[in-house]
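K.L.:
Here's the letter readout for the chains.
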Amino acid sequence: MKSNLITEDKQKSKLEKAFEILKTMASKPSGLIGLTIVLFHVVLALISPYIAPYDYKAISPNTMLLAPSVEHWFGTDSLGRDVFTRTILGGRTALTVTFFGSLIALLWGGLLGIFCGLVGGKIDDVVMRVVDAFLSIPWILAMLLIVSLLGTSTEVLIPALGFFYGKGIVRVARAATHDVIAKDFIVSAKARGHSNMSIIWNEIIPNVRDAILVEGAMRWSWMLLGFSSLSFLGFGVSPPTPDWGLMISNARGLMSFAYWSVIAPIVGLSSLIIGINLTADAFAKALGIDRSTKAPV
Amino acid sequence: MLLLILKRIGLGLITLFIVSLITFVGVEVLPGDACTTYLEREAYGAALDACIKRLGLDIPAYERYLGWASNVVRGDFGYSLSGEMPINEVLGPRVKNSLVLASVSILIGIPLAIILGIITALWRDKLPDIVISTITIFSMTIPEFISATLLILIVAIWLGWLPGIVIIPSDATFYELLSNIILPVVAISMIMTAHMARMVRSSVIQVMASDYVQMAILKGVPYWKMVFRHVLPNALLPAINVVALTIAWLLGGVVVTEVVFNYPGLGRLVIESISNRDLPVVQALAIILASIYVGINLIADLMTLMLNPRLKSLQIRK
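Chains A and B supply the protein sequences, listed in that same order.
So the first sequence is residues 70 to 366, counted in this note's numbering.
So the second sequence is residues 2 to 319, counted in this note's numbering.
It is worth saying that the hints were derived from the structure and are not from the lab.
Hints may contain errors.
[Said to hold, decoys possible] Among chain B residues calculated to face chain A with C-beta under 7 angstroms, some are:
(1) Pro-144
(2) Phe-146
(3) Ile-147
(4) Gln-215
(5) Leu-219
(6) Val-256
(7) Val-257
(8) Val-295
[Stated by the list, open to error] Result set (SDA-like, lysine to any residue): computed pairs, CA atoms no more than 20 angstroms apart in a straight line:
(9) A:Lys-97 / A:Gly-357
(10) B:Lys-8 / A:Val-199
(11) A:Lys-191 / B:Ala-210
(12) A:Lys-97 / B:Val-132
(13) A:Lys-354 / B:Ile-138
(14) A:Lys-354 / B:Asp-126
(15) A:Lys-354 / B:Ile-131
(16) B:Lys-8 / A:Met-197
(17) A:Lys-354 / B:Gly-13
(18) B:Lys-8 / A:Asp-193
(19) A:Lys-191 / B:Lys-8
(20) B:Lys-8 / A:Asp-194
(21) A:Lys-97 / B:Ser-134
(22) A:Lys-97 / B:Arg-125
(23) B:Lys-8 / A:Val-195
(24) A:Lys-97 / B:Ile-133
For clarity, every value in this text was computed on a predicted model and none was experimentally measured.
The beta carbon of each residue, even a glycine, is placed where N, CA and C say it ideally should be.
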């Protein structure tokens with residue numbers, strides 16, 4: 070009974086803590102704007118299949134390159150598809166791919182980083198060398214190579230993005246673990262005879278979690294940038310999937326007279342990236358982590 | 002000191018060695034070898050045999066790696082499949098074009114970033130800071146292909162001031178290049194400047210809050226003398242490393258910018274070689290781009306060491 074009470078209390082305080090962090094984030098205008106943008110995009114992504122007025126892949130020669138009107142809010146593209154429909158569905162593609170990609174990046178990057186920080190020594194040296202080497206290959210070259218050899222389905226893109234954006238998290242997680250590992254409570258946990266797993270789970274992860282989450286939030290916006298760049302170059306998701314990068318690259322050639330079909334996805338993608346960035350910054354500040362002097366690696 | 006420099010160079014070389022292994026193993030492990038990927042449906046009979054012979058795919062992988070690596074060390078990257086000529090000949094003009102683009106952007110970007118960073122830091126949270134910081138955050142976060150597309154749309158199409166895309170052969174002369182690279186340079190230096198200006202800003206703010214600057218203020222050192230003598234040298238030093246990392250990171254973005262503007266540099270070669278499935282060229286590009294990355298970082302490391310006497314003695318004591 071008593072132990073039950075304690076866990077309840079712990080869980081409640083966790084929720085409260087999350088709420089408090091959100092409140093701190095929203096207390097500054099930049100954080101509030103960021104949160105609002107991200108929330109807007111997430112809600113739109115969830116409901117877009119139900120509110121989309123047209124079929125995103127319905128090609129029609131009669132409606133090619135129409136200017137914005139009451140029927141087609143954002144006009145139509147060169148194949149007669151409704152730009153509004155494709156824009157709101159494009160957010161869904163971008164958010165799905167990068168959300169799962171970031172999750173994979175956080176998981177493997179965080180775990181490998183904690184592991185390296187813990188064991189240290191030779192293994193740590195070798196792993197960090199390899200991570201450094203991976204970091205020095207431009208992301209775009211590596212991604213393009215993988216995608217061009219394995220194909221451009223989301224099942225390839227998500228793990229590939231997750232893998233390549235996780236290597237930066239390895240460094241952050243390792244550094245955070247290094248900071249924690251020499252602290253007294255770890256030493257006393259060892260002295261109490263806790264197992265290694267218990268120390269990792271109960272002592273280290275709660276203390277490095279914040280740093281890793283903040284890094285993950287930043288990676289999310291970079292991954293979105295990387296993913297849309299890939300689509301733009303023709304190596305992301307394949308048509309006719311509604312995707313912002315793809316839409317921009319298709320509409321670019323005709324933008325001298327049909328600028329609406331390039332403006333809509335540009336606004337969508339830019340606002341989402343800026344929103345995620347502002348949110349990640351506010352998140353870092355609310356958790357008291359300073360990222361201002363870090364390079365975007 | 003010399004030992005330290007040698008150690009750094011050694012670490013850089015080890016990194017490059019691992020990069021070469023990764024690209025080599027990556028190409029080996031991923032489905033399809035260089036010949037079958039390149040020839041695709043025609044990968045049979047005499048054409049396949051000839052290709053395998055030429056690339057030496059019939060000898061064991063580790064021997065091939067050793068041969069390839071020793072050639073690369075001597076500056077020979079092998080043979081391009083799609084261009085049907087030595088990779089060095091393909092690379093030459095591309096490297097030159099990219100160098101022109103990058104160095105012009107850096108020459109504009111770094112001084113501009115330092116000035117903007119200082120302005121935003123000294124007038125922190127005042128109007129100049131708010132305006133400049135908002136602009137830098139925007140140009141930092143928006144993907145390269147979007148800012149480049151918008152530049153073309155506004156400057157080239159709506160205003161009609163400059164040509165939208167670069168239509169020059171890859172072996173154009175320097176002067177032909179210059180008139181064509183204004184928009185690509187603006188696109189690249191915009192992002193680069195934004196990143197570096199943020200870095201300089203936070204670095205200057207940190208130094209301004211330090212004890213010795215407070216001391217200088219209390220001693221009555223004139224404001225601008227304090228800024229130039231006491232703040233800037235200490236603030237710009239840690240920024241060097243970050244600036245180097247930023248430049249190296251932007252290599253990826255340069256690829257996209259070059260494609261948008263149709264600029265015949267290394268970046269477009271990356272896309273072309275991957276579209277043509279020309280794996281020998283891809284391998285060569287991976288090594289070259291990684292060397293640039295490692296090189297920039299090495300130079301930054303050494304510069305910080307040279308410029309910071311404290312770090313020097315600290316490292317020696319260790």
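K.L.:
Could you run down the list of hints and mark each one as holding or not?
P.N.:
Verification of the supplied hints:
| no. | hint | in the structure |
| --- | --- | --- |
| 1 | Pro-144 | 5 angstroms, holds |
| 2 | Phe-146 | 5 angstroms, holds |
| 3 | Ile-147 | 5 angstroms, holds |
| 4 | Gln-215 | 21 angstroms, violated |
| 5 | Leu-219 | 27 angstroms, violated |
| 6 | Val-256 | 5 angstroms, holds |
| 7 | Val-257 | 5 angstroms, holds |
| 8 | Val-295 | 5 angstroms, holds |
| 9 | A:Lys-97 / A:Gly-357 | 14 angstroms, holds |
| 10 | B:Lys-8 / A:Val-199 | 17 angstroms, holds |
| 11 | A:Lys-191 / B:Ala-210 | 40 angstroms, violated |
| 12 | A:Lys-97 / B:Val-132 | 17 angstroms, holds |
| 13 | A:Lys-354 / B:Ile-138 | 16 angstroms, holds |
| 14 | A:Lys-354 / B:Asp-126 | 17 angstroms, holds |
| 15 | A:Lys-354 / B:Ile-131 | 18 angstroms, holds |
| 16 | B:Lys-8 / A:Met-197 | 16 angstroms, holds |
| 17 | A:Lys-354 / B:Gly-13 | 34 angstroms, violated |
| 18 | B:Lys-8 / A:Asp-193 | 18 angstroms, holds |
| 19 | A:Lys-191 / B:Lys-8 | 17 angstroms, holds |
| 20 | B:Lys-8 / A:Asp-194 | 15 angstroms, holds |
| 21 | A:Lys-97 / B:Ser-134 | 16 angstroms, holds |
| 22 | A:Lys-97 / B:Arg-125 | 16 angstroms, holds |
| 23 | B:Lys-8 / A:Val-195 | 16 angstroms, holds |
| 24 | A:Lys-97 / B:Ile-133 | 19 angstroms, holds |
Against the hints set out earlier in the document, violations occur for numbers 4, 5, 11 and 17.
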